[in-house]
Amino acid sequence: MAHIGEITREFVRSMQPLVDFVYPPRCAACGAAIAAQAGLCSECWGTLEVPPLGEAIEGGVPVYSATYYNDTSRRLVLAYKHGGRIAMSRLLARLLAARMPDPEPGKALPVLVPVPLHRWRLWSRGFNQAAMLARELERMGKGRAHVAALVRHKRTPHLGGLGRAQRDQVLRDAIRLASPQIDALQGRDVMLIDDVLTSGATSRACIAAIAAARPASIALACFAMVDADHRFAHP
Numbered sequence: 000m001a002h003i004g005e006i007t008r009e010f011v012r013s014m015q016p017l018v019d020f021v022y023p024p025r026c027a028a029c030g031a032a033i034a035a036q037a038g039l040c041s042e043c044w045g046t047l048e049v050p051p052l053g054e055a056i057e058g059g060v061p062v063y064s065a066t067y068y069n070d071t072s073r074r075l076v077l078a079y080k081h082g083g084r085i086a087m088s089r090l091l092a093r094l095l096a097a098r099m100p101d102p103e104p105g106k107a108l109p110v111l112v113p114v115p116l117h118r119w120r121l122w123s124r125g126f127n128q129a130a131m132l133a134r135e136l137e138r139m140g141k142g143r144a145h146v147a148a149l150v151r152h153k154r155t156p157h158l159g160g161l162g163r164a165q166r167d168q169v170l171r172d173a174i175r176l177a178s179p180q181i182d183a184l185q186g187r188d189v190m191l192i193d194d195v196l197t198s199g200a201t202s203r204a205c206i207a208a209i210a211a212a213r214p215a216s217i218a219l220a221c222f223a224m225v226d227a228d229h230r231f232a233h234p
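Residue numbers (numbering that gives the first Met the number 0): 0 to 234.
Some hints here could point you the wrong way.
Stated by the list, open to error - Only pairs whose alpha carbons sit at most 20 Å apart, straight line, appear in this in silico EDC-like list of lysine to aspartate or glutamate:
id : residue 1 : residue 2
1  : LYS80     : ASP70
2  : LYS153    : ASP172
3  : LYS106    : ASP182
4  : LYS106    : ASP188
5  : LYS106    : ASP70
6  : LYS153    : GLU137
Calculated from the structure, these hints are not laboratory results.
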């Protein structure tokens, strides 16, 4: 099996010049020409703003984020989530993985639990961006992805413009832990995975659901984090 995997990687590497010829590498954020696929130009790299490691949110849950949500990260997220550029999941996951703690030697790998989408949202979008990030992070050795651990059984409206109490009310009982997943999370370190942390309402609902399984710990990893001092300049 390892031999087959090596042959596959060699084949992909041999085809890269042809791919680059047909699809010249472009910056994922601004579209400028770059040297390799799935990357950013030097100017866009320089505009990403990196938050502190393990900054805690309410309840003492540590947050690991690749960047603050600003103009550049917003373009990346919109292209990925709404532009159908699912191949960007590897780039975003790579940036996020660099900010996440390494699994402890001799200890079970953390369980990577993506924020769920309601089935109607999943069908209309075609993929769950958080689940794809979780799978990429699993390939990078950051944990084991359990993409069906949480279920968003109640369809909720967009939360923009709502206050904290209203957001929490909308999400009350909307997200639950899938019963078959309880044993997989019990006593384990769990990392909730999302693309963007905004108000924290969805994260709070997910964390409350995960806590019912009595995990050893809960943390949150997201590609971008909204912060009052690092908001994007354009709506």
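Hint check:
1. Taking the CA atoms of LYS80 and ASP70, the gap is near 15 Å; set against the 20 Å cutoff, the hint holds.
2. Straight-line distance between C-alpha atoms of LYS153 and ASP172 comes to about 8 Å, which keeps the hinted pair within the 20 Å bound.
3. For the given pair, LYS106 sits about 17 Å from ASP182 by alpha-carbon distance, which is consistent with the 20 Å threshold.
4. For the given pair, LYS106 sits about 10 Å from ASP188 by alpha-carbon distance, which is consistent with the 20 Å threshold.
5. With a CA separation close to 39 Å, the supplied pair LYS106 and ASP70 exceeds the 20 Å bound.
6. For a cut-off of 20 Å, the pair hint linking LYS153 to GLU137 is broken: about 28 Å separates their Cα positions.
The structure fails hints 5 and 6 (numbered hints given earlier, in ascending order).
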